Amino acid sequence: MNFNLWSSDVLKIIQKGIDTAALRQKVIANNVANINTPGFKRSEVTFEENLKKALQEKSTPSQGITLGEVTPRVIRDGRTTMRNDLNNVDLDIEMLNLSSNQIKYNGLVQLLSDRYSTMRYIINEGRR
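Going by this note's numbering, the residue at position 5 of the sequence shown is 5; the numbering climbs one at a time, nothing skipped.
If you are wondering where the hints come from, they were derived from the structure by calculation, not from laboratory data.
Because the structure is a prediction, the values reported are computed rather than measured.
The beta carbon of each residue, even a glycine, is placed where N, CA and C say it ideally should be.
Incorrect hints may appear among the rest.
Unchecked claim - Okay, derived cross-link-like pairs now, DSS-like style, lysine-lysine, Cα gap no bigger than 25 Å in a straight line:
id	residue 1	residue 2
1	K12	K26
2	K52	K12
3	K53	K104
4	K104	K16
5	K12	K53
6	K16	K52
7	K104	K26
8	K52	K26
9	K52	K104
10	K16	K53
11	K41	K26
12	K104	K12
13	K16	K26
As the list claims (entries may be wrong) - The following label-pair restraints were derived from C-beta to C-beta distances:
id	residue 1	residue 2	range
14	N124	L86	20 to 28 Å
15	Q15	N124	19 to 27 Å
16	D114	A33	55 to 63 Å
17	E57	E125	34 to 42 Å
18	D114	N34	34 to 42 Å
19	T71	N124	29 to 37 Å
20	N124	E57	36 to 44 Å
21	S8	N34	37 to 45 Å
22	P38	L111	40 to 48 Å
23	S8	E57	12 to 20 Å
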């Protein structure tokens, strides 16, 4: 696949990434809010691996990416815990995930902003 910043597929990927980061933020916040709820099992969002598989399956540039099939999923983490109340939320891990997610979100928003700024510059220079 040809990955250039002007491709509509790239824009779709950026938008899906931003949507995924927003969903992940909500899921992490829910995990933290339920840290003291007995029996609560943390959730997480999966998206990147599914996107990677979809990108690898598209071998010819003319096919493009059908991103409608690639969506973020919220899954429950059923791993056991060492806590007596059977809650498996670890505040340190959630804070690490929150920080990592915020960095990804900021990077994607900046990439989208830069892309539109470049397009605006090209349009304005074309008028002169």
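Results for each hint:
1. K12 with K26: 21 Å, holds
2. K52 with K12: 14 Å, holds
3. K53 with K104: 20 Å, holds
4. K104 with K16: 12 Å, holds
5. K12 with K53: The hint holds at about 16 Å.
6. K16 with K52: OK: K16 and K52 at ~13 Å, within 25 Å.
7. K104 with K26: 15 Å, holds
8. K52 with K26: Since the Cα atoms of K52 and K26 sit roughly 23 Å apart, the hinted pair holds (cutoff 25 Å).
9. K52 with K104: 16 Å, holds
10. K16 with K53: Answer holds: K16 to K53 is near 15 Å, not above 25 Å.
11. K41 with K26: Holds, because 15 Å separates the two Cα atoms, which is no more than 25 Å.
12. K104 with K12: 16 Å, holds
13. K16 with K26: 15 Å, holds
14. N124 with L86: 20 to 28 Å: At 59 Å between Cβs, range violated.
15. Q15 with N124: 19 to 27 Å: Check passed, 24 Å falls within 19 to 27 Å.
16. D114 with A33: 55 to 63 Å: Violated, since D114 and A33 (Cβ atoms, about 34 Å apart) do not stay within the stated range.
17. E57 with E125: 34 to 42 Å: At 38 Å between Cβs, range holds.
18. D114 with N34: 34 to 42 Å: 37 Å, holds
19. T71 with N124: 29 to 37 Å: 36 Å, holds
20. N124 with E57: 36 to 44 Å: With a Cβ separation near 39 Å, N124 and E57 satisfy 36 to 44 Å, so the hint holds.
21. S8 with N34: 37 to 45 Å: 39 Å, holds
22. P38 with L111: 40 to 48 Å: Given a distance of about 42 Å, which is inside 40 to 48 Å, the answer is holds.
23. S8 with E57: 12 to 20 Å: Check passed, 19 Å falls within 12 to 20 Å.
Checked against the numbered hints given earlier, the structure breaks hints 14 and 16 and satisfies all the rest.
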